Amino acid sequence: MLHIRRVVGHSMEPTLTEGSIVCFIKKGTITSNSIVLAKINDREVVKRVIASEGGTFELRGDNATQSTDSRHYGRVDRRDIKGVLLTILVKK
Amino acid sequence: MRYFIKPVYAHCDLPCGIYETDTATHAAATCLRMIEKIEQLGDTSELDHHNAFVRAIQIKEEHAQKVKDQLYLLWSDYFKPEHLEKFPDLHNTFWLAIKQASKVKQTVSREECEKLVNNVAEIANIFAESKK
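For the record, the sequence lines run as chains X and B. So the first sequence is numbered by the numbering used here: it starts at 1 and just counts up by one. So the second sequence is numbered by the numbering used here: it starts at 1001 and just counts up by one.
Keep in mind the hints are simulated off the structure, nothing from the lab. There may be inaccurate statements among the hints.
Stated by the list, open to error - With a straight-line Cα cutoff of 16 Å, these simulated EDC-like cross-link-like pairs (lysine to aspartate or glutamate) come out:
(1) B:K1006 to X:E44
(2) B:K1068 to B:E1039
(3) X:K27 to X:D80
(4) X:K91 to X:D42
(5) B:K1006 to X:D42
(6) B:K1132 to X:E58
(7) B:K1099 to B:E1112
(8) B:K1132 to X:D80
(9) B:K1131 to X:E58
(10) B:K1006 to X:E18
Keep in mind that this is a model prediction, so the values were computed, not measured.
Full structure from sequences and hints, please.
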């Protein structure tokens, strides 16, 4: 199953720019460096996995100075990772 | 069509998470600059000089308050409990800087302004380190 989303914000620039349309695959394999769709505080965010340990993942925005991520809300459980980036459908 | 597609946030947190220390840094530097301007005025009994003096004090007051506002925001909204592991003196650093901003408001002192500039620079370094 696929999740199609529209990127809002700048915390993943230059990789994902605002307005881009991206496609995530549900139950994709999460590896270090994967870009994932995660649910944090009832809100879907897109971040990069920079580390994993014991079923939890450290997320970071590529544009670190503009990103709220695991540095602020801690590691994210596997259950909260909703998909792995498959492709950028429309790059803005 | 684009706006019918569900958004995913590559965004800061809500409240707005675009945190920075430039504003506080510039505000502290402005306070110091106002003292320099006042020192250059010399005798303020002349009307134009008195006018410039009053304006410089007003600007110092405004920017010292801006420092306080920015530091309150960073301290309460950006820094999290986990930051205390890396920066155990965080709360005291902010407390002293905010008190120093008050001191700058209460005085016409180059020394007090320089202390504030240093306090804010220390916080800016902590902020930069926290982003690594």
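Here is how each hint holds up against the structure:
1. In summary, the hint linking B:K1006 to X:E44 is supported, as the alpha carbons are separated by about 10 Å, within the 16 Å threshold.
2. Taking the CA atoms of B:K1068 and B:E1039, the gap is near 24 Å; set against the 16 Å cutoff, the hint is violated.
3. About 11 Å separates the Cα atoms of X:K27 and X:D80, which keeps this hinted pair within 16 Å; it holds.
4. As the CA atoms of X:K91 and X:D42 are separated by approximately 26 Å, the hinted pair breaks the 16 Å bound.
5. Pair hint B:K1006 plus X:D42 holds up; C-alpha atoms about 14 Å apart against a cutoff of 16 Å.
6. For the hint linking B:K1132 to X:E58, the alpha-carbon distance of about 13 Å falls within 16 Å, and the restraint holds.
7. Taking the CA atoms of B:K1099 and B:E1112, the gap is near 11 Å; set against the 16 Å cutoff, the hint holds.
8. Pair hint B:K1132 plus X:D80 does not hold up; C-alpha atoms about 24 Å apart against a cutoff of 16 Å.
9. Taken as a hint, the B:K1131 and X:E58 pair is honoured in the structure, with Cα atoms around 14 Å apart against an allowance of 16 Å.
10. Proposed proximity of B:K1006 and X:E18 is supported: the alpha carbons are some 13 Å apart, at most 16 Å.
Of the numbered hints listed earlier, those contradicted by the structure are 2, 4 and 8.
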